[in-house]
Amino acid sequence: MHELTLTQNIIDIAVHEAQDRRITGINLVIGELSSVVEESIRFCFDVISKDTPAEGARLSVTKVPAVIRCACCSCTFGMDMEGLCPQCGKRGGEVAAGREFYMESIEVED
Amino acid sequence: MKINVVKNILDANDQMAAENKFFFEKRHIVAVNIMASPGAGKTSLILRTIEGLGEPIAVIEGDIASTFDAEKVGEKQVPVVQINTGGACHLDASMIKTSLKKLSIDKARYLFIENVGNLVCPAEFVLGEKVRVLVASVPEGDDKPFKYPGMFSTVQAVVLNKMDVLPYIDFNVARFMEGVRAVNQEAPVFQVSCRTKEGLQDWIDWLKKIKS
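Protein sequence lines, in the order shown, are assigned to chains A and B. If you count the first sequence from 1, position 77 lands on 77 in the numbering used here, and the numbers rise without skipping. If you count the second sequence from 1, position 20 lands on 1020 in the numbering used here, and the numbers rise without skipping.
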């Protein structure tokens, strides 16, 4: 979608947290429903991390699949069910996971 | 050495949205973020709402280019400001904050923010709104909630527009409702036609209800 802005945010947060240390790794968590395209982030990162403390850092992404919680029996299931609960057969629920988009941690040189 | 961060990538936007929210709440303004694909009827819904709500309204119009929408809204004699994102696919909290300086909003009880027509990116950027509303329309097809679950899961209300063309289009309302309920249990779905004005009263009543 707008991965250039997002990647700039990623670099800004990482550089701020690193406090002048060289960043060797950035660990991101991206949910399936967050509309964030990992490949675009990687592409943008290579370009705009140049000449920053994050240049050359390893970008690691943990993907979180979308999880729906049944409104009826509270069991959880995936998006492939189109909202149809495999336990009780009722349709409908709330998103329990999959909207994540955050920086879990960074790795810096000691 | 590993440093735990656990920070939302959109943290800067979230913080500015919180400032906007405080600004609106202090002035007792209900801010409504209206999202939809291009052509679903966001501007038409705002125009009909201005006619039917009977409360002072201000409008922020978001588009990539042009001032058509702001001109249409301006004809209704309500304060309006146009944001041209110049290519950006969504409005963000910073754009709203800047545009508020150009909008005479103090007398308004409702602020309608018409987002850029797009069912993907606006879902991620909160603006400081009290409620998020999705406008869908019959010609788009009944599968949209299944195709854009991220967007449908974040809203407090859905307006299904262009119900007047239902006889001419293979659109299964029950199927559409299943898609909405698959990811969103709470949001009311208002079936309306901004052209014939059918169904709009329930939408207006809901807007009045959320004010208190």
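Read the hints as simulated data drawn from the structure, not as lab findings. Any given hint could turn out to be false.
Output of the computed footprint for chain A on chain B, the stretches with three or more beta carbons under 8 Å from beta carbons of chain A [unchecked claim]:
#	segment
1	1003 to 1010
2	1030 to 1044
3	1087 to 1097
4	1105 to 1115
5	1120 to 1131
Note that CB positions come from ideal geometry on N, CA and C, so glycine has one too.
Evaluated hints:
Counting residues of the segment 1003 to 1010 of chain B whose beta carbon lies closer than 8 Å to any beta carbon of chain A gives 8, which reaches the threshold of three, so the coverage claim holds. Figure legend: the segment 1030 to 1044 of chain B, annotated as covered by chain A; annotation inconsistent (0 residues with Cβ-Cβ distances under 8 Å, at least 3 required). A stretch counts as covered by a chain when three or more of its residues have a beta carbon under 8 Å from one of that chain; for the segment 1087 to 1097 of chain B and chain A the count is 3, and the coverage holds. Given a C-beta distance limit of less than 8 Å, the hint that chain A covers the segment 1105 to 1115 of chain B is violated, as 0 residues qualify and 3 are needed.
With 4 residues having a Cβ less than 8 Å from any Cβ of chain A, the segment 1120 to 1131 of chain B passes the three-residue criterion, so the hint holds.
In summary, the structure is inconsistent with hints 2, 4 from the numbered list given earlier, while agreeing with the others.
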